[in-house]
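Asker: Heads up: the sequence lines are chains A and B, in that order. Start counting the first sequence at 1; every next residue gets the next number (the working numbering). Start counting the second sequence at 993; every next residue gets the next number (the working numbering).
Any given hint could be a false lead.
Said to hold, decoys possible - Below are the BS3-like pairs computed for lysine-lysine, each with C-alpha atoms no more than 25 angstroms apart in a straight line:
hint: 1; chain 1: B; residue 1: Lys1042; chain 2: B; residue 2: Lys1080
hint: 2; chain 1: A; residue 1: Lys953; chain 2: A; residue 2: Lys979
hint: 3; chain 1: A; residue 1: Lys879; chain 2: B; residue 2: Lys1018
hint: 4; chain 1: A; residue 1: Lys470; chain 2: A; residue 2: Lys392
hint: 5; chain 1: B; residue 1: Lys1024; chain 2: A; residue 2: Lys876
hint: 6; chain 1: B; residue 1: Lys1042; chain 2: B; residue 2: Lys1087
hint: 7; chain 1: A; residue 1: Lys388; chain 2: A; residue 2: Lys504
hint: 8; chain 1: A; residue 1: Lys922; chain 2: A; residue 2: Lys979
hint: 9; chain 1: A; residue 1: Lys878; chain 2: B; residue 2: Lys1024
hint: 10; chain 1: A; residue 1: Lys31; chain 2: A; residue 2: Lys2
hint: 11; chain 1: A; residue 1: Lys347; chain 2: A; residue 2: Lys389
hint: 12; chain 1: A; residue 1: Lys521; chain 2: A; residue 2: Lys495
hint: 13; chain 1: A; residue 1: Lys744; chain 2: B; residue 2: Lys1080
hint: 14; chain 1: B; residue 1: Lys1024; chain 2: A; residue 2: Lys879
hint: 15; chain 1: A; residue 1: Lys323; chain 2: A; residue 2: Lys270
hint: 16; chain 1: A; residue 1: Lys744; chain 2: B; residue 2: Lys1057
hint: 17; chain 1: A; residue 1: Lys878; chain 2: B; residue 2: Lys1057
hint: 18; chain 1: A; residue 1: Lys666; chain 2: B; residue 2: Lys1075
hint: 19; chain 1: B; residue 1: Lys1087; chain 2: A; residue 2: Lys443
hint: 20; chain 1: A; residue 1: Lys392; chain 2: A; residue 2: Lys406
hint: 21; chain 1: A; residue 1: Lys482; chain 2: B; residue 2: Lys1080
hint: 22; chain 1: A; residue 1: Lys744; chain 2: B; residue 2: Lys1042
hint: 23; chain 1: A; residue 1: Lys876; chain 2: B; residue 2: Lys1018
hint: 24; chain 1: A; residue 1: Lys482; chain 2: A; residue 2: Lys495
hint: 25; chain 1: A; residue 1: Lys443; chain 2: B; residue 2: Lys1075
hint: 26; chain 1: A; residue 1: Lys666; chain 2: B; residue 2: Lys1079
hint: 27; chain 1: A; residue 1: Lys850; chain 2: A; residue 2: Lys666
hint: 28; chain 1: A; residue 1: Lys988; chain 2: A; residue 2: Lys850
hint: 29; chain 1: A; residue 1: Lys684; chain 2: B; residue 2: Lys1024
hint: 30; chain 1: A; residue 1: Lys21; chain 2: A; residue 2: Lys2
hint: 31; chain 1: A; residue 1: Lys152; chain 2: A; residue 2: Lys270
hint: 32; chain 1: A; residue 1: Lys235; chain 2: A; residue 2: Lys470
hint: 33; chain 1: A; residue 1: Lys744; chain 2: B; residue 2: Lys1087
hint: 34; chain 1: A; residue 1: Lys235; chain 2: A; residue 2: Lys472
hint: 35; chain 1: A; residue 1: Lys238; chain 2: A; residue 2: Lys17
hint: 36; chain 1: A; residue 1: Lys347; chain 2: A; residue 2: Lys435
hint: 37; chain 1: B; residue 1: Lys1018; chain 2: A; residue 2: Lys744
hint: 38; chain 1: A; residue 1: Lys521; chain 2: A; residue 2: Lys2
hint: 39; chain 1: A; residue 1: Lys482; chain 2: A; residue 2: Lys469
hint: 40; chain 1: A; residue 1: Lys878; chain 2: A; residue 2: Lys744
In short, the hints are calculated from the structure, not lab data.
This is what each chain is made of:
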Amino acid sequence: MKSINLKENQFIQFHQKISFKFDGVKYFGYKGDTIASALLRNNINLVGRSFKYHRPRGIYTCGIEEPNALVQIISEYSEPNTRATIKKIYEGMEIESQNRWPSLENDFGSINNLFSPIFTAGFYYKTFMGPHKKFWKNLYEPLIRRAAGLGKPPKDFKGISNHIHHNVDVTIIGGGLNGLLVAKSFINTNYDVLLIDFDDQLGGIINNSNKISLIDNKEPKDWLKETIQEIEDSKNIKILKNTLVTTYNYINHLIAIEDRFVGSKQIEGKVNSTLHKIRTGHTILCNGHIERFLSFQNNDLPGIMLSSSFEKYMCRYGLAPSKEPVIFSNNSNSNSLVFSLIKAGLKPKAYIDSRSGEEIEPNLFDLIRINDVPLYTNSQIKGAFGNKKIEKILVEDSSGALNEIKCDCLCLSGGINPDVHLFTQSKGLLDWDEKDLTYKPSKPFQPTITLGSASGQFNFDNLNSDINKKLKTFKVKQLDVKLELNTNTKYNIEKLWEVSPQKKSLWAKSFIDLQNDVTTKDIRQAITEGFDRIEHLKRYTTNSMGTDQGKISSINALGIVSDLLDKKVNEVGTTIYRPPYAPLSFSAIAGRNCYEFYDPERKSPIHSWHLKNGAIFEDVGQWKRPWYFQINKEESMHDAVQRESKNVRENAGILDGSTLGKIEIKGEDALEFMNLIYTNSFTKMKQGSARYALMLGEDGMVKDDGIICKISDQHFIATTTTGGAATVLGCMEEYAQTEWPNLKVFMNSITEQYATFNISGPNTREIMKKAFPNINFSNEEFPFMTFQFHEFNGVPIRILRASFTGELGYEIYIPSNSAPKIWDNIQSLGKEFGLAPYGTEAMHLLRAEKGYIIVGQDTDGSITPIDLGLSWMIGKSKKDFLGKRSLTRSDTIREDRKQLVGIIPSNKADKLEEGQHIILDKEIKSPVPMLGHITSCYHSSTLGHDFALAVIKNGHSMIGTKAYASTSSMSTTGVDIVKPVFYDEDNKRLVS
Amino acid sequence: MLIINCPYCGPRDQSEFSNGGEAHVKRPDGSKEIGDREWGEYVFIRANPKGLFYERWVHTHGCRKWFNCVRDTSTDEILVTYKLDEKKPNLNNFKSVVKTPSGEPEVGSGNFTVEK
Chain A
1 MKSINLKENQ
11 FIQFHQKISF
21 KFDGVKYFGY
31 KGDTIASALL
41 RNNINLVGRS
51 FKYHRPRGIY
61 TCGIEEPNAL
71 VQIISEYSEP
81 NTRATIKKIY
91 EGMEIESQNR
101 WPSLENDFGS
111 INNLFSPIFT
121 AGFYYKTFMG
131 PHKKFWKNLY
141 EPLIRRAAGL
151 GKPPKDFKGI
161 SNHIHHNVDV
171 TIIGGGLNGL
181 LVAKSFINTN
191 YDVLLIDFDD
201 QLGGIINNSN
211 KISLIDNKEP
221 KDWLKETIQE
231 IEDSKNIKIL
241 KNTLVTTYNY
251 INHLIAIEDR
261 FVGSKQIEGK
271 VNSTLHKIRT
281 GHTILCNGHI
291 ERFLSFQNND
301 LPGIMLSSSF
311 EKYMCRYGLA
321 PSKEPVIFSN
331 NSNSNSLVFS
341 LIKAGLKPKA
351 YIDSRSGEEI
361 EPNLFDLIRI
371 NDVPLYTNSQ
381 IKGAFGNKKI
391 EKILVEDSSG
401 ALNEIKCDCL
411 CLSGGINPDV
421 HLFTQSKGLL
431 DWDEKDLTYK
441 PSKPFQPTIT
451 LGSASGQFNF
461 DNLNSDINKK
471 LKTFKVKQLD
481 VKLELNTNTK
491 YNIEKLWEVS
501 PQKKSLWAKS
511 FIDLQNDVTT
521 KDIRQAITEG
531 FDRIEHLKRY
541 TTNSMGTDQG
551 KISSINALGI
561 VSDLLDKKVN
571 EVGTTIYRPP
581 YAPLSFSAIA
591 GRNCYEFYDP
601 ERKSPIHSWH
611 LKNGAIFEDV
621 GQWKRPWYFQ
631 INKEESMHDA
641 VQRESKNVRE
651 NAGILDGSTL
661 GKIEIKGEDA
671 LEFMNLIYTN
681 SFTKMKQGSA
691 RYALMLGEDG
701 MVKDDGIICK
711 ISDQHFIATT
721 TTGGAATVLG
731 CMEEYAQTEW
741 PNLKVFMNSI
751 TEQYATFNIS
761 GPNTREIMKK
771 AFPNINFSNE
781 EFPFMTFQFH
791 EFNGVPIRIL
801 RASFTGELGY
811 EIYIPSNSAP
821 KIWDNIQSLG
831 KEFGLAPYGT
841 EAMHLLRAEK
851 GYIIVGQDTD
861 GSITPIDLGL
871 SWMIGKSKKD
881 FLGKRSLTRS
891 DTIREDRKQL
901 VGIIPSNKAD
911 KLEEGQHIIL
921 DKEIKSPVPM
931 LGHITSCYHS
941 STLGHDFALA
951 VIKNGHSMIG
961 TKAYASTSSM
971 STTGVDIVKP
981 VFYDEDNKRL
991 VS
Chain B
993 MLIINCPYCG
1003 PRDQSEFSNG
1013 GEAHVKRPDG
1023 SKEIGDREWG
1033 EYVFIRANPK
1043 GLFYERWVHT
1053 HGCRKWFNCV
1063 RDTSTDEILV
1073 TYKLDEKKPN
1083 LNNFKSVVKT
1093 PSGEPEVGSG
1103 NFTVEK
């Protein structure tokens, strides 16, 4: 295909040369060129290999609908699958073709084309079900999957995207003739208007074709300039160029992506795209139409392109991809291409129309006759032939005779479709137009207005009246634009979807989806195999499932299916167009919500101390909690945890418990409310005392636990698990508002207002005496499970005597701002008593030795308090509480429920692991009846061996018996099932 | 994303709210004898109609208030929101303009012929 440069225009300057590399070879283009137009200028049309058969493919279109010309931009994070027809070139750009090896010209994968008779519809489904598991690993996965595909994923993607929110009255999508006219009507009104266009130039059809000759008696170019100026000057209209609306959500919520580096190289570290999230009162769709292609043998050869795209290259890029293209059409849309060619001093090599001579527009007829263009009416192209490019075509004329025409370019037009993707995303309904042979928008589901060819108005006759009618609700001024056309015709089309090949052959291919390599034969086969529902057919053949969503071909497929099934197209229906309209990168969707901004990090007031003292952190919900403290870099986690836990048992340890959820409950009816929310009864509880409490779901399963401090019948403070704080508060709010609105009670989170220190160990009392000399910590004055308010150096503090480790322990609650100072003070005073900080892992070990559960680790939403052996915590005399009735359901009282037990290895030297299954047989013989599994497992230096908590079927009655724990190496470890308490069973240390 | 009209705060983005399932499900009085079936239905069984549906929402990242609404589950349109102590509106007052977005039958789904 030999291209020629036409006259310069406002979009392309021939004096501004730009160099770029394609597959390593240097070429020149001009400023304003897309990759496609620059390649065509250099007479390159082979730009890629197809998805399945590795067939040579060229540039088919001149816009977003491009199915073939997808390239990898090496110079920009190696971005794959970039549409060459959109991306503008810049100095030094490096581009690579895709899906070929070793080179584009000699692609090894093209051997697939020879085997193509077996790669038919459903190939993947049929093959991958195939004979042996090993095939998957050794053949399918490495070979077949690699052979099929598009670009390579980028290795080191650093794209940055911003998100911008808009709240406007009207959004106009598409800045073509209709979009500009609508925007013009809104100039200086009270409406906030957003005008969005995908191109870097407003004007659409005015720029891309020669259809219009005069607007309001002015040259279209001049009219355009004036109008854009007026719109830009208007204060209420904002224009977004280079912005593609990809998604139309419910309640007029639009998502659009703006390319910030059009025609220049992206700069690392700078925002390369902006995601616009738009909420609008009305959406006005003026996004035009898309031309479709036609199916015949080898309709994928490089050198074949859509006729309107050829015209766009001429008008927009000053480039004729070929000096003498052949035109093949079944409709009037290609008239203007003939006009443009002749205006540029070129002429088509032949004009082939499937319509009869009477149907063809008289002015086109005249134009063709005057210029001596060979005309074939009532004719069809049977096939295109050539080696990696089109060389000749076979035309069947009205008499049935075959004519061979040599050519280097073929322009196709199979009719035009309104671009209904966004309209259907908005859930608007479509109607099949039997005359124009396309789906057109009919009933909108949202406040959506369609105008121009996007609404199916392919003629300009009703331009003014249609806009005036549809904008009536806005009460903007009436439009009266005079339009004169170069090709004064009404849209006319004859039905033609596919031309059958001249010779029947297994290798003859007429494509229906170029990107996914689907042929019309695949469609036939799918229907024969019973996939005659359009949604099934789509998935079975992968038709229109490429990144282009079959923009130029999906209606053709419906046409072919309707003919095959002998149904009307509207009976066949259409597949659903889903967002996004065109691919957008994950980095654009993620925006700035990644890395450290992905999720908020919550830190305790003591965090900086932890950092300085060798803490290794673990994430608990959003919180950063010290997992363990390293005394030196060599200390392993196991050693640190054993050291920390041993120190708590022998001396004393301090844990930062600030992350525990804290909820304050107040109100006249607080007592009644607490009795309803928790299983325990708080009525007889003394003021100033505390109680370990359980919260259930209505299904009777343990949801959370914590310690409840009763300040008075009207005032409680509850602690929750670190991860459960929000859920527990949410649950309290829900029941207070929805079930018991009669109760006067209010609750609020005070988690972040107070820091919590848990000090425990035999030396704790001595440390507390030193730290708070004015408080009496004796057993009589300060018994276990009581709390006291004090003032310490002007800071109000609350001390609770409770323990999660099984040792004598106190929890100190301090307003967050004063916490670091008191923490430091305790650290230095505690040194002489061996006080050392410990982390969550040591805490878990210590609590497990005592058999204290962790909700979410030892329970999983299917465990009742009875299963845990905690029936003593249920206020049986209470009339009602959350989940009470469920505790006597047939399922919850069944005997073989999984219950909490302790597990120790029969041979103390054996190791156990969390997640191991408990079984009864020493030998593993499938099927293996499984009793349950280990939920928590640690090595205890106090006990000198491993121990575990487990939930196993009927566990309570199995205590004292033996069982086995299965290992990953298919052997078993003998274990003893014991009571879930391993240390200080009678709580002597706790109350000492 | 939906816009939900909180009866206390006004229209806000859906991301501020959490869904609470079917509304007007009465919790059996715990002080009385409750049968297994009655309690089981309260805990586990909820309606799941295609069409108009009484639903609970909570303005989680806002006023933390619970409220009720009528939502058309086939179109996601929220027809009315009302406070918990307000009477539940009669569903006959609402006309579902489009039965379902693609005109599918009332039960089941799939892509059937586009009809008005």
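Asker: Taking the hints in turn, state whether each one holds.
Answerer: Hints, verified against the model:
no., hint, in the structure
1, B:Lys1042 with B:Lys1080, "19 angstroms, holds"
2, A:Lys953 with A:Lys979, "14 angstroms, holds"
3, A:Lys879 with B:Lys1018, "17 angstroms, holds"
4, A:Lys470 with A:Lys392, "48 angstroms, violated"
5, B:Lys1024 with A:Lys876, "14 angstroms, holds"
6, B:Lys1042 with B:Lys1087, "14 angstroms, holds"
7, A:Lys388 with A:Lys504, "22 angstroms, holds"
8, A:Lys922 with A:Lys979, "22 angstroms, holds"
9, A:Lys878 with B:Lys1024, "12 angstroms, holds"
10, A:Lys31 with A:Lys2, "21 angstroms, holds"
11, A:Lys347 with A:Lys389, "21 angstroms, holds"
12, A:Lys521 with A:Lys495, "20 angstroms, holds"
13, A:Lys744 with B:Lys1080, "24 angstroms, holds"
14, B:Lys1024 with A:Lys879, "8 angstroms, holds"
15, A:Lys323 with A:Lys270, "43 angstroms, violated"
16, A:Lys744 with B:Lys1057, "15 angstroms, holds"
17, A:Lys878 with B:Lys1057, "28 angstroms, violated"
18, A:Lys666 with B:Lys1075, "24 angstroms, holds"
19, B:Lys1087 with A:Lys443, "17 angstroms, holds"
20, A:Lys392 with A:Lys406, "4 angstroms, holds"
21, A:Lys482 with B:Lys1080, "56 angstroms, violated"
22, A:Lys744 with B:Lys1042, "38 angstroms, violated"
23, A:Lys876 with B:Lys1018, "23 angstroms, holds"
24, A:Lys482 with A:Lys495, "32 angstroms, violated"
25, A:Lys443 with B:Lys1075, "34 angstroms, violated"
26, A:Lys666 with B:Lys1079, "29 angstroms, violated"
27, A:Lys850 with A:Lys666, "33 angstroms, violated"
28, A:Lys988 with A:Lys850, "12 angstroms, holds"
29, A:Lys684 with B:Lys1024, "23 angstroms, holds"
30, A:Lys21 with A:Lys2, "20 angstroms, holds"
31, A:Lys152 with A:Lys270, "24 angstroms, holds"
32, A:Lys235 with A:Lys470, "23 angstroms, holds"
33, A:Lys744 with B:Lys1087, "39 angstroms, violated"
34, A:Lys235 with A:Lys472, "22 angstroms, holds"
35, A:Lys238 with A:Lys17, "33 angstroms, violated"
36, A:Lys347 with A:Lys435, "30 angstroms, violated"
37, B:Lys1018 with A:Lys744, "20 angstroms, holds"
38, A:Lys521 with A:Lys2, "33 angstroms, violated"
39, A:Lys482 with A:Lys469, "17 angstroms, holds"
40, A:Lys878 with A:Lys744, "20 angstroms, holds"
Of the numbered hints listed earlier, those contradicted by the structure are 4, 15, 17, 21, 22, 24, 25, 26, 27, 33, 35, 36 and 38.
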